[in-house]
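K.L.:
Knowing the structure of chain A, use the given hints to seat chain B on it.
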Amino acid sequence: MSISGDSTSQLLAAMASGELSAVDVASACLDQIAAHDPQVQAFLHVDRDGALQQAALVDEKRRAGKPLGQLAGLPVAVKDVVSTRGLPTTCGSRILQRYVPPYDAEIIRRLRAADAVILGKTNMDEFAMGSSTENSAFQITRNPWDAARTPGGSSGGSAAAVAAGMSSVAIGSDTGGSIRQPAGFCGIVGMKPTYGRVSRYGLLAYASSLDQLGPLATDVAGTATLLEVIAGHDSQDSTSVDRPVPEYGLTLEQPLSGLRIGLAREHFAAGLDAEVAAVTRAAADVYRSLGAKVVDVTLPHSKYAVAAYYLIAPSEAASNLARYDGVHYGHRAEKFDGLIDMYATSRGEGFGAEVKRRIMLGNYALSAGYYDAYYLKALKVRRLIRGDFDRAFESCDVLLSPVAPTPAFKVGELVDDPLAMYLSDIYTLSANLAGLPGISLPGGFSLGGLPIGIQLQGPPFAEETLLRAARMFERETPWHTKRPTLAVRR
Amino acid sequence: MSDTATGYTTVVGLEVHVQLLTRTKLFCGCANRFNPTQPNVQTCPVCLGLPGSLPVMNRQAFELGLKTGLALNCQIPKLTKWDRKQYYYPDLPKGYQISQYDLPFSSEGWLEIATDPPTDPARRIGIIRAHLEEDAGKNLHDESGRGGESLVDLNRAGTPLLEIVTKPDIRSGAEAHAFLDELKLLLTYLEVSDCNMQEGSLRCDANVNLHVDVDGGTIATPIVEVKNLNSFRGVEQAIEYEAKRQFELWKQGGKKLGEISKETRGWDAERGVTIGQRGKEEASDYRYFPDPDLVPVTIEESWRERVRAGLAEFPAAKRKRFQADHHLSHYDASVIVAQGRAFADYFERVTTACGDAKQAANWLTQDVLREMKERQLTIESFPISADVLGTLLQRIVSRKITTNSGRMVFATLLERSTEGKPLGTEAVDAIIADKGLAITSGADELTPIIDAVLSANAKIVADVKGGKQQAIGALIGQVMKQAKGADPQVVREMIQSQIAARPS
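Just so you know, the protein sequences line up as chains A and B, in that order.
Note that the numbering used here gives residue 421 to position 441 of the first sequence, counting from 1, and the numbers run on in steps of one.
Counting the second sequence from 1 gives a position; the numbering used here is that position plus 17.
It is worth saying that the hints were derived from the structure and are not from the lab.
FRET-style restraints, in silico, Cβ to Cβ: (1) Ala93/A / Ala48/B: 22 to 30 Å; (2) Leu356/A / Ser398/B: 54 to 62 Å; (3) Pro135/B / Lys360/A: 50 to 58 Å; (4) Thr315/B / Ala250/A: 42 to 50 Å.
For each residue, glycine too, the CB sits at the ideal point set by N, CA and C.
Chain A with its partners taken away, still in its complex shape:
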């Protein structure tokens, strides 16, 4: 398990020097998957043959002295929310159980162009709706640190795969915290880039104006390397921003002088676990010790964020998921009586409870007579929330906060209480509403041995600042080097 436990930079260096072949690395990951995924259940689909073939191709190219991409031979696990040509893409839903897309998402095209090795597709909450990966139609992913607990969600499969050493890095998607929260629960690094930084072409939409793809890795350097490959303008996505992508790796080791860290009082309110609060405050002390200035800021409208989010996201989701109607692809009911019944039965059988709940919420919010009171109002709140951040970033460079109110909760603990589950994203979803970048990194451990993440958020396109600030903390702390001891689930 030594190979798959190495950091991204170590692996890339070892392959570049010839110490390891891409096939060695892919095989180590596939072995790790074979040994532990029956317990962790991070993957929905492992593309063993494809991964080994691609790894062999990279090795061949390297032997022949041909130019190689930035991620040559690096194993990547991809959340099943991304369209992969020829590989099943289910979005964790029964409605897409047998769907195999005929096209690659832009992010996949970029990974392939960088000579990455795609290991397979990871488990997720159905259509990325959830915070525990328990809403998958197929399996429940377990937290590698404690099999009784969830890995968070919705990118729980991706986070668990990286934490368990099954893949060096992973792709996740973050609509309200779905990269950052599972990264925090699993003790790894995860970043949600600025809206428009990474192409959404081929990302199966949950809430189009909030969705953003991003990297997960064991450390900040791996996160930066992967972001550099996947970020950039794409003319196939009208919301993609045409702005040069910095070479994040080049500046990563340069500490930021005069860094101002903002702490928002709203991030330390009731409901926050004491250990999580302590970890966050300790992180502020680390920054202080590095010469950063810690300032108090306020985000007065953040109390409306969850409400606004649960109007905007479901509204867009209800519309985005209308295409799953059993006509052109995906699940179609076997028995139905006429067209309307075909729609109703196919969708009724194909979607899980949480997805249905959000479709209903969304259709209600968009219906005639309610639109102004709900959807339009939520959009106004969204602008106020963005205004809060803009003002906060006048007095600080990055905001330091918890990732989630608690460490990883137990499987089954919140399934029957959707509102409590929604609150798991209380510290992350504002960044989605405001379109801002955020990074979650290991900040410490609970007394019970569970990882606790800390979050840094910044103004639009401040990814470089966030990565450098995260690296400053990471260099001073041992948390990112800790690995779970994987055992057979008791």
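P.N.:
Then chain B, alone, in the frame of chain A:
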């Protein structure tokens, strides 16, 4: 109360959908082409609505829309956006149509229609709005009655559509027809659409009701939306039928606007009647909201003005110019302009070549149109080029040949060019020489012939001298028989002067 009705005004508003002549679809790179024989070949992840695919606006389509909006004298806002209109139907793969809801790219315009006789000022039909949207695919149902599976062809899905909604300014079926004629003409002149109703590139629904005259005031009757209109003629007939039907209904029941909900009826062209269609049980709620996958479109003034500057001359302006500059009659100008932009261009080239617009108009509206019709040709495929016809007409105008000879040359040109070789302007003079049609205006040749004819017809000569001017025709005829290609006008003048010179 209803029996006090003395008369009524028909009130019509039209909703017209036209497909735009773009190379590609509205939100993807698939070909925009009518192709019913090969279903689902012009498709990609975007227009199939595959999970994860995203739309990207086709700028050419937007510019064609902008052209139309400007040509319809519409207000163009600085900002417009795309909305999702949500409903379920098998030909709609995303479960929503990308359209424009509350911020269309153009609104509040008008179109002048050609009336016969022309009115001053010209009749204007108001335009409420014009917006862009994507077309749906096509459902193909088993029509054998054996209950086979329904199929879906998505070649058409994502085709750019322009929806134009008029104000209820139209007052008769004929006026609706005239509006559609003018709109089609405008859109084809602008090369925005080919407006082919058979291929579905122009579709039209009509909202019809009446303003019934009652006790010195008027009462509006409920609005009926008429669908399934397959031709402009059908639109006209359906409106006339609806007006009569609604008046009868008013006299019987007297239902007013607002008392019952809007009814949808389908036009049955074969039987010439409208038939009630099953109404929706409740008003549909399309749950419109701004499409988060597309960014709002900012229409900079510079862009708008560049499009405006690139607009072709509108048909109405062309009609006016042909009358003012070329001294054509309203009728001739209308006929020429109505044949389309290529025909009007052809007319102008012929006019330039021959220097006589009236002559050109006569030939085009009679000879050329007749031949086009008989041979089922368009002006683009007409075998005689504008330069060749212009040269021919120039020979007539300059009296090198007679009009009758001109017709012979025209026929010969047609014959030869349909044999396959494109003819140049030199062919005109070659044919004239070949057939000896050049006017022999030389007095040397004509004088002995005229002398002989006059001597042989002393009685007629005496009649003419006695003031019976019309008798001269017989003399001209005899001279013309002998002097092929002579200009009858010249012959008449020479006979007149010779008779005058003879002693009585």
